[in-house]
Amino acid sequence: MVGLVEQLQTLQVVAAGVFAQVEHGALGTHGGHEAALNAGVNAAALGAVTGELPKWTLLIPFLPLLGCVLCGVCAILKVRNKLPAVITVACIAGAFAATVGAYMHTMHDGHAQTAVVKAWDWIRFVWGTEYKSPREFIANFSFYVDSLTCLWMLFVTGLATLIALYASEYMAGDVKTAGYARFYVAFCLFVFSMACLVMGDNLLLLYLGWEGVGLCSYLLIGYFYKKPSAVAAAKKAFIMNRIGDLGLSMGLMLTYVHFGTVEYAKLFPLIQTYLDLAQHGKIDEIPFIVQAIPVLFTIGAFGKSAQIPLYVWLPDAMEGPTPVSALIHAATMVTAGVYLVARFFPLYLCSEWALPIVAWGGALTALLAATIGMAQFDIKRIMAYSTVSQLGFMFAGIGVLGAVGGAAHVFTHAFFKAMLFLSCGAVMHGFAGQLDLRKLSGVAKIKGWKIVSLAMFVGCINLAGVPFITAGFWSKDMIIGDAFADHGMVAIGWILLGTAGLTAYYTFRVFFRVFMGPVQYEAGDEVHGDADHANHANHANHGHSDAHGAQEDGSAAHAAFHPHAPGLAINAVLLILAVAAFAVIPLVHDFSGGGGHSFWASSMVHGSTAGVEPPHAEHYKPFGMDAHRFAMIGSIIVGLVGIVVAFFLHYVGRTSSATSKADSIKLGAIQTAAQHKWYVDEAYHAIFVLPLRVLAHVFHAFDKMVVDGLVNLFGMVPRGLGHTARRTQTGVLHDYALRMAGGLAVVVLAIWFLHSGGWSGWGGPGLVEVGSVGGVRP
Amino acid sequence: MNVLLDGLTLAQGGFPEPMASATLYHYLMTSGMLFVIGLIGFVTRRNLIIMFLCTELMFQAAGIALIAFSRFHLNHTGESFVVFVLTIAAAEAALALALVVLLFRRKESLDAAEWAEMRG
Numbered sequence: 001m002v003g004l005v006e007q008l009q010t011l012q013v014v015a016a017g018v019f020a021q022v023e024h025g026a027l028g029t030h031g032g033h034e035a036a037l038n039a040g041v042n043a044a045a046l047g048a049v050t051g052e053l054p055k056w057t058l059l060i061p062f063l064p065l066l067g068c069v070l071c072g073v074c075a076i077l078k079v080r081n082k083l084p085a086v087i088t089v090a091c092i093a094g095a096f097a098a099t100v101g102a103y104m105h106t107m108h109d110g111h112a113q114t115a116v117v118k119a120w121d122w123i124r125f126v127w128g129t130e131y132k133s134p135r136e137f138i139a140n141f142s143f144y145v146d147s148l149t150c151l152w153m154l155f156v157t158g159l160a161t162l163i164a165l166y167a168s169e170y171m172a173g174d175v176k177t178a179g180y181a182r183f184y185v186a187f188c189l190f191v192f193s194m195a196c197l198v199m200g201d202n203l204l205l206l207y208l209g210w211e212g213v214g215l216c217s218y219l220l221i222g223y224f225y226k227k228p229s230a231v232a233a234a235k236k237a238f239i240m241n242r243i244g245d246l247g248l249s250m251g252l253m254l255t256y257v258h259f260g261t262v263e264y265a266k267l268f269p270l271i272q273t274y275l276d277l278a279q280h281g282k283i284d285e286i287p288f289i290v291q292a293i294p295v296l297f298t299i300g301a302f303g304k305s306a307q308i309p310l311y312v313w314l315p316d317a318m319e320g321p322t323p324v325s326a327l328i329h330a331a332t333m334v335t336a337g338v339y340l341v342a343r344f345f346p347l348y349l350c351s352e353w354a355l356p357i358v359a360w361g362g363a364l365t366a367l368l369a370a371t372i373g374m375a376q377f378d379i380k381r382i383m384a385y386s387t388v389s390q391l392g393f394m395f396a397g398i399g400v401l402g403a404v405g406g407a408a409h410v411f412t413h414a415f416f417k418a419m420l421f422l423s424c425g426a427v428m429h430g431f432a433g434q435l436d437l438r439k440l441s442g443v444a445k446i447k448g449w450k451i452v453s454l455a456m457f458v459g460c461i462n463l464a465g466v467p468f469i470t471a472g473f474w475s476k477d478m479i480i481g482d483a484f485a486d487h488g489m490v491a492i493g494w495i496l497l498g499t500a501g502l503t504a505y506y507t508f509r510v511f512f513r514v515f516m517g518p519v520q521y522e523a524g525d526e527v528h529g530d531a532d533h534a535n536h537a538n539h540a541n542h543g544h545s546d547a548h549g550a551q552e553d554g555s556a557a558h559a560a561f562h563p564h565a566p567g568l569a570i571n572a573v574l575l576i577l578a579v580a581a582f583a584v585i586p587l588v589h590d591f592s593g594g595g596g597h598s599f600w601a602s603s604m605v606h607g608s609t610a611g612v613e614p615p616h617a618e619h620y621k622p623f624g625m626d627a628h629r630f631a632m633i634g635s636i637i638v639g640l641v642g643i644v645v646a647f648f649l650h651y652v653g654r655t656s657s658a659t660s661k662a663d664s665i666k667l668g669a670i671q672t673a674a675q676h677k678w679y680v681d682e683a684y685h686a687i688f689v690l691p692l693r694v695l696a697h698v699f700h701a702f703d704k705m706v707v708d709g710l711v712n713l714f715g716m717v718p719r720g721l722g723h724t725a726r727r728t729q730t731g732v733l734h735d736y737a738l739r740m741a742g743g744l745a746v747v748v749l750a751i752w753f754l755h756s757g758g759w760s761g762w763g764g765p766g767l768v769e770v771g772s773v774g775g776v777r778p
Numbered sequence: 001m002n003v004l005l006d007g008l009t010l011a012q013g014g015f016p017e018p019m020a021s022a023t024l025y026h027y028l029m030t031s032g033m034l035f036v037i038g039l040i041g042f043v044t045r046r047n048l049i050i051m052f053l054c055t056e057l058m059f060q061a062a063g064i065a066l067i068a069f070s071r072f073h074l075n076h077t078g079e080s081f082v083v084f085v086l087t088i089a090a091a092e093a094a095l096a097l098a099l100v101v102l103l104f105r106r107k108e109s110l111d112a113a114e115w116a117e118m119r120g
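Protein chains in written order, with our numbering: chain A, 1 to 778; chain B, 1 to 120.
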């Protein structure tokens, strides 16, 4: 961090996957920190618009929207072929191309520019008069493109393209059903929403995208809507996210109340004034409301990005199809929270509590999720917990003032985690839904599974952080180093370092058990597909039996089952991702000078609002070493130890799929508790769900007895009256006549009585006085 | 005007002198008695035709009262009214008797108590 500004002299700009290097020397001279850095960010104020982009930038969000509409039309027209997949891949690939173009423009003349591209006026309220409290609320449908936006959109659209391609084969079993088009409708809508979230030029559009991705997540987790567990998981994800969204929406409202605008280009210059206070150590002078906004944003971010205490939805979200898990629940949507924190990094610096909350929340989540991941047997769930854990790393990274590390880890993690999920998905697809690592072994030795195994291996070494040759190592190392460098956050550094060791262990536990060792497997029970998928598997048995092979040493009981090796689309996507996982290494580490920040991801962060200089903090030197050097040595050691432990426990001497040496390690209650996810779900159930359910019963009883009773009373009274009065209706003519005569008599007598002067005049017929009353004289 | 008052005074003072000329009082008494006879007949008898005749009696009682008042007030409004009423009563009588015939065909009886289907 010390040599940060000096190292910015040469930016290595590398287009994702293309390696187009543009050399230039333009940036900061060796000035004071703030002056140089502000010059490095932008000549203008923080977050202000400094350039413009051509209108075709709008293709990034709107091509996926077009794809969504077209797939919807396919669904309506009952198209039962792969057309929706073709449309989706084409549209999202187009969006990716537009993103690359926008990126080229943004980084055009060396340092990142910021542009706003307007699609149309969306919300515009102006009230008050020019003289008396003029107020306005403007939220346009326009897109704010700076380097941070580009960083996010590059991997979002790039991965979405690849995963859409992968899904075209993965979901092939559903082609004959309505589900295929429905899947791609939600898929495209997700990419559109994600674009709104990341590219929106105001908080309201971000919120729209935020809710949109939540909706798509809900729809896709519940894709197998006939399966109760999938429906429950979808509901859980949605509700958990709603809790977080409440925080975000309150933060949004407070932002408007305090700053009077939600547009970034106007908002960030206003934040700048508070940031100056914070940078001069006068954080006490910043109003409470400004300090509260980032805390509220954090609630939203923790909901969307599955952090303590709202993380429990993400593992359950694995009920969705695997491509969805890879794209939404590993690579892109769950990083929206990290994006929010990075985008509002200047605002977070203005709060005393927000960044420590982010850091500790992230670190504890990382540790907790890793311990759970170690004890699970479902490989997809292990990957889900590892996602939660890695998201914790990202938050911790930003929380310890290392926005670059956090963003770089988002970027590298997106690639290798998507690859891990897609590899697991390929296994699940081929083995009829089998996900239990005790029932799968030696997959790498089966014919046709080489590419999947290779991709899995590449993903595992990235996740485990094998030193030097993996992108995951460099980005994770940066976070741990930043944590050690921050004097107040050294404890987080130790937590993250320990977690890195656990990560290496559980990652290679999966790899050694599923892909290495003796070849032995059991078919799953088709859990990931509905009825059609069974046909698909049968088809595979009869149609491609020659492609399977190598099952003769499998268990005899399952001799009839032939794993269905992945086809061209899946293998191609996995290969591209494996190459990309290595290709991003130079983007996240500076190999020119030791430990500097002259790399692509850093320039992308520093060119945006996240690039502000944090208040200068005392640097901590663990054991007298530079923090980053210490972190690197530490993470090399723990990473290798984790892998070696996994090697000895799960590879050496393993003779069957179901057992390993790890079984002999008895940890008693700790092991059981970790297997049961530390009973967090049960605790939530007891603390939140049960009391609410009891309350619901109380309200139900109140409604039944009091409210319904009152309403019924209004019905009962006329009914009772009617029941009594109906007896007078005998239907006999004489009764009516008699009553009529009686009534007539009563009327006549009454008139007579009144005209005779009431009770006082009673004494005889009083008709004589009619004249004196004067009623009948003509 | 005074005639009416005289008549009413007579009512207080007892019966009028025998053979005195018919006054409004006499007409109204006739009308009232006719009406009460009709009413009693209607309520007590169960034969549909008799009951119908009783309604006619009550009808005519009203007509007599109208004519008496008309004469008493020396205008013809009530009389012309009664002409119309009689005409309509004639039409109504035709209709009512036809209905009675139809009702009789249904139950082979003229007993009004046979018909109690409107019981609640």
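Worth flagging that the hints you see were computed from the coordinates, not collected in a lab.
Source: prediction; values computed, not measured.
Here a beta-carbon is modelled for each residue, glycine too, at the ideal position from N, C-alpha and C.
A hint or two may mislead.
One side only, chain A facing chain B, incomplete, derived with CB under 10 Å [as the list claims (entries may be wrong)]:
1. Leu367
2. Thr371
3. Ser592
4. Pro691
5. Gly720
6. Gly722
7. Ala725
8. Arg726
9. Thr728
10. Val732
11. Leu733
12. His734
13. Gly743
14. Leu744
Beta-carbon label-pair distances, calculated as ranges [to be verified]:
15. A/Asn712 <-> B/Lys107: 37 to 45 Å
16. A/Asn712 <-> B/Leu99: 42 to 50 Å
17. A/Ile751 <-> B/Gly120: 50 to 58 Å
18. A/Lys704 <-> B/Leu99: 27 to 35 Å
Do the hints match the structure? See the list:
no.: 1; hint: Leu367; verdict: violated (79 Å)
no.: 2; hint: Thr371; verdict: violated (77 Å)
no.: 3; hint: Ser592; verdict: violated (102 Å)
no.: 4; hint: Pro691; verdict: violated (53 Å)
no.: 5; hint: Gly720; verdict: violated (15 Å)
no.: 6; hint: Gly722; verdict: holds (9 Å)
no.: 7; hint: Ala725; verdict: holds (8 Å)
no.: 8; hint: Arg726; verdict: holds (4 Å)
no.: 9; hint: Thr728; verdict: holds (7 Å)
no.: 10; hint: Val732; verdict: holds (5 Å)
no.: 11; hint: Leu733; verdict: holds (5 Å)
no.: 12; hint: His734; verdict: holds (6 Å)
no.: 13; hint: Gly743; verdict: violated (12 Å)
no.: 14; hint: Leu744; verdict: holds (8 Å)
no.: 15; hint: A/Asn712 <-> B/Lys107: 37 to 45 Å; verdict: holds (43 Å)
no.: 16; hint: A/Asn712 <-> B/Leu99: 42 to 50 Å; verdict: holds (45 Å)
no.: 17; hint: A/Ile751 <-> B/Gly120: 50 to 58 Å; verdict: violated (31 Å)
no.: 18; hint: A/Lys704 <-> B/Leu99: 27 to 35 Å; verdict: violated (54 Å)
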